[in-house]
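Heads up: the sequence lines are chains A and B, in that order. Sequential numbering from 1 applies to the first sequence in this note's numbering. Sequential numbering from 1001 applies to the second sequence in this note's numbering.
These are computed hints drawn from the structure, not numbers from a lab. Hints are supplied without guarantee of correctness; some may be wrong.
Claimed, not checked - Here are the computed distance ranges between Cβ atoms for each label pair:
hint: 1; chain 1: A; residue 1: Glu579; chain 2: B; residue 2: Met1064; range: 50 to 58 Å
hint: 2; chain 1: A; residue 1: Ala815; chain 2: B; residue 2: Glu1162; range: 30 to 38 Å
hint: 3; chain 1: A; residue 1: Gly519; chain 2: B; residue 2: Gly1170; range: 38 to 46 Å
hint: 4; chain 1: A; residue 1: Val411; chain 2: B; residue 2: Met1064; range: 35 to 43 Å
hint: 5; chain 1: B; residue 1: Glu1240; chain 2: A; residue 2: Gly273; range: 52 to 60 Å
hint: 6; chain 1: B; residue 1: Glu1223; chain 2: A; residue 2: Gly519; range: 24 to 32 Å
hint: 7; chain 1: A; residue 1: Ser520; chain 2: B; residue 2: Glu1225; range: 21 to 29 Å
Predicted model only: the values in this text are computed from it and were never measured. Quick reminder that beta carbons are idealized off the backbone N, C-alpha and C, glycines included.
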Amino acid sequence: MTAETSSTSSSGETILDSIAEAPADHYRVLKISDLDGDKLCELSQFMKLSLSKEDMLAVQEIYKEWGREPTDVELEVIAQTWSEHCKHRIFGATIEHEVDGEKETVNSLFKTYIFDVSHRIFDSKPGFVLSAFHDNAGFIKLDDEQAVCLKAETHNHPSAIEPYAGANTGLGGVIRDILGAGKGAKPIGSLDVFCFGAPDTGMENIKADDVLHPLGIMRGVVRGVRDYGNRMGIPTISGAIQFDDSYIYNPLVYCGTAGVIPIKDIDKEVGAGMTVIAVGGRTGRDGLHGATFSSAALDTESHEEDQQAVQIGNPIEEKKAADFVLAARDKGLIEFITDCGAGGYSSAAGEMLEECGGTINLDNVTLKEPGMVSWEIFISESQERMVLAVKPESLPALQELADLYETEMIVLGDADGSGILKVTHHGETVCQLDCSKLHDAPIRKLSSKWEKKTKEIEPPLLSNAGESLKGLLSDFAIVSREPIIREYDHEVQGNTVLKPLAGASGDAPQDATVLRINGSKRLMSMGLSILPEWGKTDPFAMGAACVDECVRQLVASGADPDRLAILDNFCMGNPDDTEELGALVETVKGIAEAAEVYGAPFVSGKDSFYNYFETEEGPVSIPVTILISGIGIIEEASHVTGSSLRRNDSVLAIIGHTQSQLGGSVLARQTGLENAEVPATDLEQAFASYRKYYEAIQQGLILSAHDVSEGGLAVTLAEAAFSGKAGLEIDLCSLPMDDDASKAAMLFGESPSRIVVEVAPENLEKLSDLFEGLPFACLGRAAAEHSSLRIEWGKETLINEPIEELKSLWKNGLAQYY
Amino acid sequence: MEERPCAVLLKFPGTNCDEETARAFETVGFVTEVIPISVLKPESLVGVSLVVLSGGFSYGDYVMAGRLARLVTEQKVGETLREFRDNGGFLLGICNGFQILTQLDLLPAGSLVENTSGRFQCQWVTLENKAPDSPFLSHLPESFEFPIAHAEGRLVTSDASETSAYLESGAAALTYSSDVNGSFDQIAGLQDESGRVFGLMPHPERFLYRQDHYDPDWSNGSEDEEKWGSGYYLFRSLYESVTSDEE
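Same shape as in the complex, but just chain A (with noise of 0.2 Å):
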């Protein structure tokens, strides 16, 4: 992505200065319809545009239809809106997968996987998911009278550049989204999940110059996400951290935002006659080529060249400009919002006008400095901005608005029927587009092919469970990350009724998170999931195994199965990777199958594609990552249920059957099993006992629940015990469970679906009886005597370790480090 050398020829002449014409000095046409292929393809590395033969030549071809040449923005506006991170190409291209030997085509792996699966989900559920996938962010119906949503972006390459600035701008982006779903939700809580290389990595370890160490972008992007969510009074109420070598060059950053709309808001139009305008920010060259850089591979180069992507966000301005929007809309002002975001008003106006057509006035925008260009005014990234079509005769009560809460309101343009996306500058007129044009990109073509990787091991001998159980606390994939959540506001607004962190001391591990919701007597939980080892050696195990511990961790929180939704958020290295590809291929497939079983829509979702690094020794590039995240209706508080141990006098028991295989463990990781087969999720079996939780949570059986993940039972019991209440004396004998499982996978493996319940013991028949034919055991009781975690096979002991020596290895873990 980088300007070639061979661009500029030996008199110091571009490709662009051999083959451009400037009519005035803001603007200039573009003589391409002479270039051929490989010309083409230099002209688009020379403007950064980040387009391929294929599609420069597709672009020269509709000039050649209209008979004229592009001016320099048009050619910016069609990059923009036919970027990888605009279009999301790779998921709308035609690929012949092949899968251990068997061959398939797949045409469009979102229409076939991901909307087709999702529609028939909201064909069964009439009236639940009110908007999905056409809008900036998903809703589903919280009550009669509002909605909800979640909406989950990536910021990776500006994060790897500036941990601090690419993290900040990354969750100001999606909170932007938020304001600019509907008529403008208002944002109520945000996640963001991190995956970096370990703190402890060695310099010598990092094979390429200018990167930065994993512990300076942990510590900036933590800064960046807290700067922006805390000034905005938005609680950041979840999250999780991945560790592993893989992302020392290319960390992934996460960032999503909940909304809530009045249902009457859901719905918006642009229509002729509508006035466009623009409130907050102040447009500048900061973010230029944000939407194309994030649509290539990073190197050493761009840690020096591509500065001016990645912008400092000014939350404040932002706040402002949410203010404005909120009071707007509760007073009927907007008709059609969205945000400035990849692509700037080019693609904000794109939206806006694709189908209706109007004009962009670029002499009306106010600028941070003086003599931009057309091309830079219409594409700039600069953040805060959101872009709103009015009907004319609402302008002066916006403009009170506006001065209400001191934001800059300018006039854009108009809407007007014509079909032609139109921009003037300076009295002439430096873009038009017929805007069905603009956004039929080429359907790439491209090959994947995954091959079964996992085979059947021995199973690590236990000589010590209780060091390995310290080993897994202390794991960086396991330990607190109090450190990091207490940088964060998760409180303001008021209503996090399940936080972060729980227990007697408010510092043990919760699952899903609970919003009160104003006006509302339901709640609404956020959960997540991402498991990228599972991914290393069996993909569509790790995207079915994703979506089960969202839902999961909604549902233990108190959530209706039934009401849920899930975004997915993919990030890949290099698409044109035959092998890549096919691992994202089988997750995309094993997402699909899981979320129809479950019946949980995607309602939303985002893909970054080109995550990988030219080091010194090659290309490195992530394993497939998919974020699962999800929000579920709480029908009411007393569903609310946390993952912290309550009671002395208790009974614990398991939902979920225990499997042999250790794939995907921590456990794994830690004794170097290699290639291990990870265990399958029985959906229908699963989601059959998520119904069966949700009758024992109406009935009021349950008092907390955990669900099982990293580091397996035992961790999942230490944890529950962090909450300083009780000891606990659990017998593994009747944990229901494959034949041949290990000691090591009774333990610490990592099986999906299952959920450690804490129950009143005069409940324990009742919720007993409700599981009939379902995996469910007994497992022990709260001991009020001791304060150790005592677990036993029968009559032989497995571990028997002090809880407050265990919870301190794990709340200190990142402590160090952070």
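Position chain B relative to chain A; hints supplied.
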């Protein structure tokens, strides 16, 4: 029907706790009005019983927390606020509002500076009620919990003896029961001599309901009011003080 007292909440660009703070006041019986600073005038305070500066990051707090908000407030209604207090009005500052109030010289001298941890701290803390007669604290027990969420909550004075004098005089109405952020004498909240101006770093509005507590088994010990969290009792105290004053 009795007239409900009116609380006005000032909103600066970056103020972000006004909505839940207004909710808390409405819950105990106030009518509330959130007034953006751009339209604040001396007349805005006519007929008002209580002025509230709620939490957030006024103007981003990029300079010292509350600094810019103090300048704007002083210029717009500085004199009016002092008259308002002298005429029996109540003033409450929470978190960023406390930071602004100290800078407006409406509270005993002191500055709220960066926590000794150097970090933003979002956590629950135990507090000691040192002024049970305060109109803001009368319904609160000797010791209770509120959440905090701040990076600059360390109360310092030019001379450490000043804060011990605050403890003796009762100006230090609220203290942390342990060293949370390096505040001199663990001071969490201050009141002025009249008792009608009060500022605190913790957020009572985030503990309005019992269910807001991180421990689902927390109880306020009174069965008939088991719905409420400790924060409720601060707002309740204030409501009763304001309404009995007006009688």
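Hints, one by one, checked against the model:
no., hint, verdict
1, A:Glu579 x B:Met1064: 50 to 58 Å, "holds, 55 Å"
2, A:Ala815 x B:Glu1162: 30 to 38 Å, "holds, 34 Å"
3, A:Gly519 x B:Gly1170: 38 to 46 Å, "holds, 40 Å"
4, A:Val411 x B:Met1064: 35 to 43 Å, "holds, 38 Å"
5, B:Glu1240 x A:Gly273: 52 to 60 Å, "holds, 56 Å"
6, B:Glu1223 x A:Gly519: 24 to 32 Å, "holds, 28 Å"
7, A:Ser520 x B:Glu1225: 21 to 29 Å, "holds, 23 Å"
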